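2 protein chains.
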Amino acid sequence: TEAGAEREKPPKSVCVYDCRSENSAASARTIDIANMDHSSFLQALRQEFSLSTNETFVISTTDRGEIDAELYEELVNGKTLLLLKSMNQELPAATQERIEFLPHYHTLVQCGMYEYYASEGQKALPYAFAELIDNALSATAKNTGIRRIEIRLLFDESQGGPAIVVMDNGCGMTSKQLNNWAVYRLSKFIRENGMKREETGYVRPDPVPRSLNSDISYFGVGGKQAVFYIGQSVRMISKPAGSPDVHEFVMSKEDFEHKEMNKQEIYSGFIRNRKPGDYSHVESEEQFLQSIVTEEYGKESFTAVVITGIQQEHVTYLKQNFNLWTRELAHTYHYYIHGVDGNDKKIGRKNDHVSNIDIKISLFDRSPRVPLLMNLREVDNDMQTLYINSCVSTFEFKATGAGDSLVEGLIRYHPFLYDRETYPLDPYAASAGPLEDEDEDCIIVNSEARGKRPIFECFWNGRLIPYTTLSEFEWCAKPKKSGAVPLECYNRISGVLFANDRFQVSTNKLTFMDLELQLRDKGTIFTKMHNGQEQRVNIQREFTNWLKESHEHFDKQVMFQGFMGSTTRTDV
Amino acid sequence: TEAGAEREKPPKSVCVYDCRSENSAASARTIDIANMDHSSFLQALRQEFSLSTNETFVISTTDRGEIDAELYEELVNGKTLLLLKSMNQELPAATQERIEFLPHYHTLVQCGMYEYYASEGQKALPYAFAELIDNALSATAKNTGIRRIEIRLLFDESQGGPAIVVMDNGCGMTSKQLNNWAVYRLSKFIRENGMKREETGYVRPDPVPRSLNSDISYFGVGGKQAVFYIGQSVRMISKPAGSPDVHEFVMSKEDFEHKEMNKQEIYSGFIRNRKPGDYSHVESEEQFLQSIVTEEYGKESFTAVVITGIQQEHVTYLKQNFNLWTRELAHTYHYYIHGVDGNDKKIGRKNDHVSNIDIKISLFDRSPRVPLLMNLREVDNDMQTLYINSCVSTFEFKATGAGDSLVEGLIRYHPFLYDRETYPLDPYAASAGPLEDEDEDCIIVNSEARGKRPIFECFWNGRLIPYTTLSEFEWCAKPKKSGAVPLECYNRISGVLFANDRFQVSTNKLTFMDLELQLRDKGTIFTKMHNGQEQRVNIQREFTNWLKESHEHFDKQVMFQGFMGSTTRTDV
Ligand SMILES: Nc1ncnc2c1ncn2[C@@H]1O[C@H](COP(=O)(O)OP(=O)(O)OP(=O)(O)O)[C@@H](O)[C@H]1O
Ligand SMILES: Nc1ncnc2c1ncn2[C@@H]1O[C@H](COP(=O)(O)OP(=O)(O)OP(=O)(O)O)[C@@H](O)[C@H]1O
Ligand SMILES: [Mg+2]
Ligand SMILES: [Mg+2]
Chain A
1 TEAGAEREKP PKSVCVYDCR SENSAASART IDIANMDHSS FLQALRQEFS
51 LSTNETFVIS TTDRGEIDAE LYEELVNGKT LLLLKSMNQE LPAATQERIE
101 FLPHYHTLVQ CGMYEYYASE GQKALPYAFA ELIDNALSAT AKNTGIRRIE
151 IRLLFDESQG GPAIVVMDNG CGMTSKQLNN WAVYRLSKFI RENGMKREET
201 GYVRPDPVPR SLNSDISYFG VGGKQAVFYI GQSVRMISKP AGSPDVHEFV
251 MSKEDFEHKE MNKQEIYSGF IRNRKPGDYS HVESEEQFLQ SIVTEEYGKE
301 SFTAVVITGI QQEHVTYLKQ NFNLWTRELA HTYHYYIHGV DGNDKKIGRK
351 NDHVSNIDIK ISLFDRSPRV PLLMNLREVD NDMQTLYINS CVSTFEFKAT
401 GAGDSLVEGL IRYHPFLYDR ETYPLDPYAA SAGPLEDEDE DCIIVNSEAR
451 GKRPIFECFW NGRLIPYTTL SEFEWCAKPK KSGAVPLECY NRISGVLFAN
501 DRFQVSTNKL TFMDLELQLR DKGTIFTKMH NGQEQRVNIQ REFTNWLKES
551 HEHFDKQVMF QGFMGSTTRT DV
Chain B
1 TEAGAEREKP PKSVCVYDCR SENSAASART IDIANMDHSS FLQALRQEFS
51 LSTNETFVIS TTDRGEIDAE LYEELVNGKT LLLLKSMNQE LPAATQERIE
101 FLPHYHTLVQ CGMYEYYASE GQKALPYAFA ELIDNALSAT AKNTGIRRIE
151 IRLLFDESQG GPAIVVMDNG CGMTSKQLNN WAVYRLSKFI RENGMKREET
201 GYVRPDPVPR SLNSDISYFG VGGKQAVFYI GQSVRMISKP AGSPDVHEFV
251 MSKEDFEHKE MNKQEIYSGF IRNRKPGDYS HVESEEQFLQ SIVTEEYGKE
301 SFTAVVITGI QQEHVTYLKQ NFNLWTRELA HTYHYYIHGV DGNDKKIGRK
351 NDHVSNIDIK ISLFDRSPRV PLLMNLREVD NDMQTLYINS CVSTFEFKAT
401 GAGDSLVEGL IRYHPFLYDR ETYPLDPYAA SAGPLEDEDE DCIIVNSEAR
451 GKRPIFECFW NGRLIPYTTL SEFEWCAKPK KSGAVPLECY NRISGVLFAN
501 DRFQVSTNKL TFMDLELQLR DKGTIFTKMH NGQEQRVNIQ REFTNWLKES
551 HEHFDKQVMF QGFMGSTTRT DV
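Here the protein sequences come in this chain order: A and B.
Residue 190 in this note's numbering sits at position 190 of the first sequence, with consecutive numbering throughout.
Residue 72 in this note's numbering sits at position 72 of the second sequence, with consecutive numbering throughout.
Simulated from the structure, these hints should not be mistaken for laboratory data.
From a predicted model like this one, the values you see are computed outputs, not experimental measurements.
Be aware that a few hints might be false.
Unchecked claim - Pulled a few chain A residues facing chain B out of the computed Cβ check, cut under 8 Å:
id, residue
1, Glu97
2, Arg98
3, Arg185
4, Ser506
To be verified - Here are the simulated DSBU-like pairs of lysine-lysine, each with C-alpha atoms no more than 30 Å apart in a straight line:
id, chain 1, residue 1, chain 2, residue 2
5, B, Lys263, A, Lys253
6, B, Lys263, A, Lys9
7, B, Lys188, A, Lys319
8, A, Lys360, A, Lys188
9, A, Lys275, B, Lys85
10, B, Lys253, A, Lys79
11, B, Lys12, A, Lys263
12, A, Lys319, A, Lys360
13, B, Lys253, B, Lys360
14, A, Lys12, B, Lys12
15, B, Lys85, B, Lys142
16, A, Lys12, B, Lys480
17, A, Lys275, A, Lys12
18, A, Lys253, A, Lys263
19, B, Lys481, B, Lys452
20, A, Lys259, B, Lys12
21, A, Lys85, B, Lys275
22, A, Lys79, B, Lys299
23, B, Lys259, A, Lys12
24, A, Lys478, A, Lys398
25, A, Lys79, B, Lys9
26, A, Lys481, B, Lys452
Heads up, the beta-carbon is just placed ideally off N, CA and C, and yes, glycines get one too.
All chains should be modelled from the sequences, with the hints used to inform the complete structure.
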C-alpha cells in the first residue's frame, strides 16, 4: 500500500467481519483499500485473515452481494463487509454496520409544500407570508422607533423578477444566528447564541395585555417552510446592530441538487460577510437585488429575505387577489397593527399611533408602472375591524389554567337596528367558490346574525391562528329555553380569545393543538374582568345580565314579524 | 507545530482572511492550530501575514468578537476569522465563511408531534397507525399467500412493556433499504436501491380497479412521523427474502440526545446484522422483545416495527377507545380488507376471501390475562360497511383529467322504508364530545337522511383520506326546484371517490391537496360506467333517471306527513 501513496487517492477503507466460524471474534478489522485493485484486495484479505491458498471464501456486502470486480469499484469509504465460507451461511455472531442517515435535502426544500394547503390551496399564501412577518415582528420587538416590515412583490421581469422581498428594520442576525437560521428545527429553546457554548439564553417575555409580546416563533421551521412554499431559492441578507458587516446566505433547491450531484456535503455552505451596499457579487440581470443592496447604506440593522424562483401560479394569485390576501394578513395581525384595542374607528385618528408597527405591501408590475402600495393598517374590512366597529357593548373575561396558562377573552354585542341585524357578514362567505351551498344565501345568513358560526376567533401571542375557532363556552351558550334574554340575542355576539404561549400551536401555525381541550378542563377558571380588574362574580349570571342589558339598551326595534315563527321556537 | 505532533490532538485549523487593506486578496489562508496556544497563535499570525512587531492588528470572529485567550480555546475546527486593523473597520472585500447547517435531530424526533392533531387531538392515533399499515401494505403487495399485518399493543408491564409492535410478512428490507428507511424525506422516487448507483428503479404499478394498488407511500416521512408520534424510540427489525440475515436498527430520542451531548455525529448509527432468532443483544427486562425475536425462526421475510417510550396518555386512549380507533382503521382500509366490492353482507361468507389482507389488532394487558383480539375484517359498523349494507342501488361513474388522473366514483341510494330513512348515522356523531350543537339531535339528523353532510368520502390509492370530503358535483346536486325527482331523494345518496396516484395528498395523508380543484376543472370529463363499461350518455340525465328509478322502486312509503311542510318547500 505504501508504494501507491503518491497517487493521493481519497481515503478508502472497508470494515471486514470474519464470519466463517462460530468462534470468530465479533470485532471487525479495517482494511485500507485506497490503493488496491480487486485482486490485491482479495490477496490482502487472505493475508489479514490468514487464509490458506486452497481455502475457499467469499467476501460480500451485508446484503450478501459478492464483491466481484464490478462491485469492488463501487465500494464507498467505511463500508462494512462480511468474510464468509459460503454466500448463504448464517452469521455466527452479529455484526455492526456503520450507516449514515442524513435527512434528505427535501426536508428543507419541500417542507412547506404539502403542509400549508390543508383545504385545497386557496388561502395558503397569506399564511406563508405570515411566517415571515412573525419573524420580523420578533426581530423588531425591541425597536424604539417605528417597526417597519415590508413585503415587496417584484414582479417586473425587466428588473430581474419575479422576486419577493420581506424586509424589516429589526435587530438583524449575526453570522452565527444566520447559521442557526439555516438549521432546520433548531428552535429558540435549544439554540446557543454567540460563540460561547452556554445554554440557550431564551428569556420568556414578560406578560403583556392580550399577549402581544411579538415572541411568535416556536419550532425553527417557519421561515424555511414559507420561503420554499413561495419559491425555490432564498437569499437571507442581514446586518446586526453594532456590527459593520452584512451577512448573506443563499439556500436554494438548485444548490442542493448541485451538491448532491457532485457528492459534496449537502448541509455545508458559505455565508458571505461584506460591507453594506457592496453588490459586487450580484449578477447584472438581478437589478432588483442591486437596488436592495444599495438601500443598505445607513441602516443600523435590518434583515431582508429575498425569495426567487417564485412559482408562476403564486404570481398570478398574488396579483389577482391582492385585496383578499392583504385583508387576511390585516386580520391575522389586527392587534399588532392597530394596538391592543384594535381598529376602533369611533375613536378616530386622534389616537393615531397606538401601534408603532407598520406592515407595508407593495406590488411592482410592468404595467402599471406605478406600484400598488398598501399599509395593512388601512385595511378596514377584515373581520376584526368589522366586529369592533359594529359592536355596541363588550364583556371581558379571562381564563386561567394550570402552569401559567392564560386566555384573555372578549365578547361583543352586535345589535339589531331598525330593520336588520348589524352582525357583520364574513367577506369570504360572499366571495366563496362553487362549493357554496345554494341555500346559504348571504341575506339569510345575516338575518340570523351569527347563525351557526362559532363565536370565538383565537389568537396566539397576539396573532390569529386562522383555522381554530371555538364555538362557545357553557356560560355563554344559548340556553335550551328562552329565559330573561330572547334567544336571538345569543346570535348577536362575536368573541375573541387571546391565548398566551402556554398553549401550543401546530407547526404551520394554522391550528391550536390544545386550546379547546385545556379550556374545557375542569381546572380552568373563568373570571369576569372589568377595566383590567378581576371581579369575583358568577360569570354565567353576569354574562346573561350583560346580554340582557345589551339587548334592552341597544336593540332598536323588534324584529321583522314573521322572520322566526313562534312554532319553530317552542319545540326546541 | 511539528514538535507537538506526538500529542495526537484532533485536527483544528482556522481560516484567516486578511482584511486590513483595500488591496488584500479575498482568499483565506488556513492555519493549523491544533498544537498552538493563544500566544503562539498570535505569533503564527504575525509570521503568516508578515506583520511587523510594532504593527497593531486584531483577530476576530466574523461576528467581530476578538479572539482573546478565552475565545481561542473555544474555536472549533474550520472556523473563519478576520484579521483586522481595528475592530470596527469595514471589510474591503467580502469574505466567505464556511458553515454547517445539519437539520437538528428534532426533525425526526418531533416530526409527528405537531402535525397529526389538527383538530384537538382526538382522532390522531389511528392515523399514526395508518402510516405503519400503509408501509406494511406496500411491503406485502407482492405476497402470493395471505398478507398478514399485525398491530400488537403490549401493555403488560411485567413483560417489559408498554410497547407497540407493527409486524408484517412482507418483503422486508435489505440493510441498504433499512438505511434508506432512516433517511428523512428520501422518497421512493429519488431512492437508489441496491449497491449500484443506478436510478431510483421506482416502477409505477399498473392500474387496478379502485386504485387498490398497495402503493401507499410518497414522502419518505410517514414511518418516522408515526413512530415518534406514538413513542420515543423505534427498533426496526427486518429480514428480506432470500437473505439469511436479519437487520436491525434503533432510532431513539435518547440516542440522539446522547450523541449531541458527546458531540458525536448525529446522523450516524449502526445496523445490527444477525441470524434470525438471535436475541443475545436484548436486555433481560425486555421480555416482549425476546419473544418477538424468537418468532423469527422460519419466516422467509418480515418487518417488525417495535415502538417503545410510549406516552402514557396514548396507552390510556388505546385501551379505553379500542372500538373507536379500530373502527376508524377498518374504515380507512375498508376496500383493502374486504376487497374491491367492500363489506357486502348480503353476498355472505361464500365470497369469503375476496381479499388476502389480514389486519389484526391484539391488546395485551396485565388484566385480563387473555388478550383482546380483533381482525379488522370483523368490524361491521364502519361507515363504508354501513353505507354498503343499507344501499339498494348504485350509480357508477368515472372522472378523467389531464395527465392520467383518474377517479372512480360510486353513488349509493339509501331508501326511505315504511316509517324511516335508512341512511346510516355517523357513529361518531352519536359519541361526539361537548362541542356538539344541541339541536343536532341524532334523530333529527337521520330524519333528514344525509342532511347537510357532504356526499363523498375520498380514497387515495384505495385508502381513506379522512379529512377530505366532497360535497357534490354539479350533475348530482340537489336542484333549486323539485322536478321529476322529489328533492328529499337527493338526501338519500352517499358516495365514494377512488382517486389514483395522480392526485396529491398532504404529508400526513389526512387531506387531499388538489382533488376538488382538479375535479372542478373544465378539462375533467365525467363518464357513466356500467359493469366496467363506459357509457356515452349525458351523466346528469342518467343520474337523475337513476335517482328517480331508485325512488320509485325502493322508497316504500310516503314520508310521515308533516315532516316537511309544503310552505318550506315552495319558497326555496
Ligand atoms: N427577520 C428576521 N430577523 C432576525 N432574525 C430572524 C429573522 N427571521 C428569522 N430569524 C432568526 O432565524 C430563526 C429561524 O427562523 P424560522 O422562522 O425558520 O423559525 P422560528 O421562527 O425559530 O420558529 P417557527 O418555526 O415558529 O417559525 C429565528 O428564530 C430567528 O432567530
Ligand atoms: N414494513 C415495511 N416493510 C418493508 N419496507 C418498509 C416497511 N416500512 C417502511 N419501509 C421502507 O422504508 C421506507 C420509508 O418509510 P416511510 O413510511 O418513512 O416513508 P414512505 O413510506 O417512503 O413515504 P410516506 O411519507 O408516504 O410514508 C419505505 O418507502 C419503504 O421502502
Ligand atoms: Mg419563524
Ligand atoms: Mg410510509
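Right, here's what the structure says about each hint:
The interface hint given for Glu97 of chain A holds, since its Cβ lies 5 Å from the closest Cβ of chain B, which is under the 8 Å cut-off. With a cut of 8 Å, the hint placing Arg98 of chain A at the interface with chain B holds, because the nearest CB-to-CB distance is about 6 Å. Hint on Arg185 of chain A holds. Least Cβ distance to chain B is approximately 4 Å, under the 8 Å limit. Interface hint at Ser506 of chain A: satisfied, since its Cβ lies 5 Å from the closest Cβ of chain B, which is below the 8 Å cut-off.
With a C-alpha separation of about 29 Å, the suggested pairing of Lys263 of chain B with Lys253 of chain A holds against the 30 Å cut-off. Under the criterion of a C-alpha separation no larger than 30 Å, the hint pairing Lys263 of chain B with Lys9 of chain A is consistent with the structure, at around 29 Å. At most 30 Å may separate the alpha-carbon atoms for a hinted pair to count; Lys188 of chain B and Lys319 of chain A exceed this at roughly 36 Å. Using a Cα cut-off of 30 Å, the hinted pair Lys360 of chain A and Lys188 of chain A holds, with the two alpha carbons roughly 27 Å apart.
Restraint check: the Cα-Cα separation between Lys275 of chain A and Lys85 of chain B comes to about 15 Å, which is no more than 30 Å; the hinted pair holds. Between Lys253 of chain B and Lys79 of chain A the CA atoms are separated by roughly 26 Å; this keeps the pair inside 30 Å, and the hint holds. Between the alpha carbons of Lys12 of chain B and Lys263 of chain A the distance comes to roughly 24 Å, so the proposed pair stays at or under 30 Å and holds. With a C-alpha separation of about 16 Å, the suggested pairing of Lys319 of chain A with Lys360 of chain A holds against the 30 Å cut-off.
For the hint linking Lys253 of chain B to Lys360 of chain B, the alpha-carbon distance of about 29 Å falls within 30 Å, and the restraint holds. Our distance criterion of 30 Å between C-alpha atoms is met by Lys12 of chain A and Lys12 of chain B, whose separation comes to about 22 Å. Straight-line distance between C-alpha atoms of Lys85 of chain B and Lys142 of chain B comes to about 70 Å, which puts the hinted pair past the 30 Å bound. For the given pair, Lys12 of chain A sits about 76 Å from Lys480 of chain B by alpha-carbon distance, which is inconsistent with the 30 Å threshold.
For the hint pairing Lys275 of chain A with Lys12 of chain A, the CA-to-CA distance comes to about 42 Å; that exceeds 30 Å, so the pair is violated. A distance of roughly 15 Å separates the Cα atoms of Lys253 of chain A and Lys263 of chain A; the hinted pair therefore holds under the 30 Å criterion. Of the supplied pair hints, the one linking Lys481 of chain B and Lys452 of chain B holds, its CA atoms being roughly 17 Å apart against a limit of 30 Å. Between Lys259 of chain A and Lys12 of chain B the CA atoms are separated by roughly 25 Å; this keeps the pair inside 30 Å, and the hint holds.
Only pairs whose Cα atoms come within 30 Å are accepted, and Lys85 of chain A paired with Lys275 of chain B is accepted, the gap being roughly 15 Å. Proposed proximity of Lys79 of chain A and Lys299 of chain B is supported: the alpha carbons are some 28 Å apart, at most 30 Å. Between Lys259 of chain B and Lys12 of chain A, the direct Cα distance comes to roughly 25 Å. Compliance with the 30 Å bound is thereby established for this hinted pair. For the hint linking Lys478 of chain A to Lys398 of chain A, the alpha-carbon distance of about 20 Å falls within 30 Å, and the restraint holds.
At most 30 Å may separate the alpha-carbon atoms for a hinted pair to count; Lys79 of chain A and Lys9 of chain B meet this at roughly 26 Å. About 25 Å separates the Cα atoms of Lys481 of chain A and Lys452 of chain B, which keeps this hinted pair within 30 Å; it holds.
Of the hints listed earlier, those the structure fails to meet are numbers 7, 15, 16, 17, in rising order.
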